[in-house]
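Make the full structure from the sequences, and use the hints.
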Amino acid sequence: MSPSFLPLRIVIVCCVALAIAALAAFGDQTVLRFASRVAIMGLAAVAVDVVLGYAGLVSLGHAAFFGLGAYVTGALALLGYHEGLVVWPVAIGTATLAALIIGALALRTTGVYFIMITLAFAQMFYYGANAVPGLGGADGFRLPARSTLAGFSLDNPRTFFLLCAFVLIAVLLFARRASFASFGYSLQAARDDAVRSAASGIRNYWLRLAAFTISGAIAGLAGVLSANLTLYIAPSSVLSWHLSAELLVMVILGMAGTLYGAIVGAAIFLALVEIISHYTDFWAMYVGIAVIARVLLLRDGLLVTLRKLVTP
Amino acid sequence: MSIAFLAEQSFNALQLGLMLFLMAVGVTLAFGTMRLINLAHGSFFMLAAYFYAWVIAQTDSGIISFIGALAGLAVLAVLIERIIIRPLYLRDHLEQVLATFGLILVFNDLVMMVWGRDPVYVPLPDILSGHVMLGDIAYPAYRLVITAVAIIIGIAIWYLITRTRTGGLIRASADNRAVVQALGANVDRLGGAVFALVAVLAGIAGIMTAPLIAVTSGMGDSVLIQSLVVVIIGGLGSISGALVGALLVAFVDVFGRTYLPFLLGNTTGFALANMAIYLLMAATLVWRPFGIFGKPR
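Line by line, the protein sequences give chains E and D. Numbering of the first sequence is given in my numbering, commencing with residue 1 and proceeding in unit increments. Numbering of the second sequence is given in my numbering, commencing with residue 1 and proceeding in unit increments.
Please note that the accuracy of each hint is not assured.
Unchecked claim - To give an idea of the interface, some chain E residues facing chain D are shown, with a C-beta separation under 8 Å as derived from the structure:
| id | residue |
| --- | --- |
| 1 | Leu-60 |
| 2 | Arg-108 |
| 3 | Leu-119 |
| 4 | Ala-120 |
| 5 | Asn-130 |
| 6 | Leu-149 |
| 7 | Ala-150 |
| 8 | Phe-152 |
| 9 | Trp-241 |
| 10 | Val-249 |
| 11 | Ile-252 |
| 12 | Phe-282 |
| 13 | Met-285 |
| 14 | Leu-296 |
| 15 | Leu-298 |
Read the hints as simulated data drawn from the structure, not as lab findings. The beta-carbon is built from N, C-alpha and C at its ideal position, and this holds for glycine as well.
Dropping the structure here:
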């Protein structure tokens, strides 16, 4: 980004900080819940953008990592473990391990194979969760309580929203930083020309596997937060392949390959669903129409189109 | 566990495998000829079942309903191909995934708007509702007939692809679209025809499966994903791969559900049986990343 954008960036950062502070200070229960949801889905969309935007891989299986994060949190809560400093690393670790194994298999292929394989593996966890005893099967289950963090309660919706916003921003900064480091540039080189990057000493497979695993960890973290927000987990809500596809939709609604675009996309998507479902039960149909329209008519995504309008 | 029981389960697996083949061959052909990944393939499976249920409620004739539902589906498929799919042939796979996912959302809600949220039950044709004695097992006549129909269609597809001029063009454009176009064939029209053909194949599978399960919104989703697993195992673009993959998946699924709960106890057994075909897929991928008959792309 050119230096002339610097003032604009400072303005945007200030606006975001103000918006978060205003939400935390004045938002009521419903608003805070929605804002937390945007932050959590934004986090998951950032995870998808790490592999989509930088590694150029279309993963249709991120619901697996999101769902594992949520399910492990829920299962441990049922067993009576509520301390986030213990539960969350275990949950995120499980999602990370799953991403490592699935990635190791799926990344031996590319393109359409990669899409189908990630989708199929996610579906394996979906059907597995349907049959695990004690976790409610297809009906899902309720968490007895929200996690605590180092003994502090997260029951206050303001505290919880601030935590979600903090986590999102921390992950965003970390991922942006990594994207401008050697790691990010090598990843993009492998995306743009796999043969040349391999010739210049980049080990494409291991690099992509690292990105995919980090992405799985971020999605798992989003799942952990989601379980704590809704306090209800079912295969159809956290492991469904529709969730994986919706995350992709969020990323391309904003702008792939920028990370913050994914968050904007998540906000637009969730707002759209919220508004439409106010008027009709068949909101999914209108979302579908919007997605088709986006692909066929608006080839660049909303942010790029906006930027083109602003800067002729 | 008698021999008769084993035979009955084998017939069930064969029948499931052939249904999966009708679906998977469509996924494979759409990718092979047009480089298209079509998630809405499962929607054709569902729509055909709804169309069939609706026409049979009006006319009470199985034959008319069968032909009518497939004709309606073919018209719809041609329209979708012209308006939505054709601009996507040369785009990347992400946009194909998203647009066809959008189609799934639209169709799943549309059928609920038109036919309601409750499952629709499709009656078995009267003459096929009995049982046939195969040795000493009484096997449902209906399942036997749909198995036979699927075999006939499978042979017809094989003939079309390997023995006719159209099939030659389909195979040629899978290898090199631009050259086939340069030689004077209308590749766009060919793509439209293939799209309608695979929609009808999915539709046949949907109609034939409908009396065995309830017709519901979203019934195509799980079938779609199973047929993707078939294609991953068999190899994308390969028709023999689709057949081998479909039979493998069906046998592992049916026998996994039958025997795993016996072997491992109910809880572990059921969980593992649910995941069996995906574990089969993982094992295949370790061995051949692009499927048994697949080529790297």
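Here's how the hints hold up against the structure:
Look at E:Leu-60: its Cβ gets to within about 7 Å of chain D, closer than 8 Å, so that hint holds up. Checking E:Arg-108 against chain D: minimum C-beta separation of about 4 Å stays under 8 Å; hint holds. A distance limit of 8 Å between C-beta atoms decides the matter here; for E:Leu-119 the minimum to chain D is near 6 Å, and the interface restraint holds. The interface hint given for E:Ala-120 holds, since its Cβ lies 5 Å from the closest Cβ of chain D, which is under the 8 Å cut-off.
Checking E:Asn-130 against chain D by beta carbon gives a least distance of about 6 Å; that is within 8 Å, so the hint holds. Checking E:Leu-149 against chain D: minimum C-beta separation of about 32 Å lies over 8 Å; hint violated. Contact between E:Ala-150 and chain D, as hinted, is not supported at the beta carbon level, the nearest pair being about 35 Å apart and thus beyond 8 Å. Interface restraint check: E:Phe-152 against chain D, minimum CB-CB distance 36 Å, threshold 8 Å, status violated.
With 8 Å as the threshold, the beta carbon of E:Trp-241 comes within range of chain D, its nearest partner Cβ sitting at about 7 Å, so the hint holds. Taking 8 Å as the C-beta contact cut-off toward chain D, the hint placing E:Val-249 at the interface holds, the least distance being around 6 Å. For the restraint placing E:Ile-252 at the interface with chain D, the shortest Cβ-Cβ distance is roughly 7 Å, inside the 8 Å limit, so the hint holds. Contact between E:Phe-282 and chain D, as hinted, is supported at the beta carbon level, the nearest pair being about 4 Å apart and thus within 8 Å.
For E:Met-285, the interface hint holds, since its Cβ comes within 8 Å of a Cβ in chain D; the closest pair sits about 4 Å apart. The interface hint given for E:Leu-296 holds, since its Cβ lies 6 Å from the closest Cβ of chain D, which is under the 8 Å cut-off. Interface restraint check: E:Leu-298 against chain D, minimum CB-CB distance 11 Å, threshold 8 Å, status violated.
Consistency note: the structure conflicts with the earlier hints numbered 6, 7, 8, 15.
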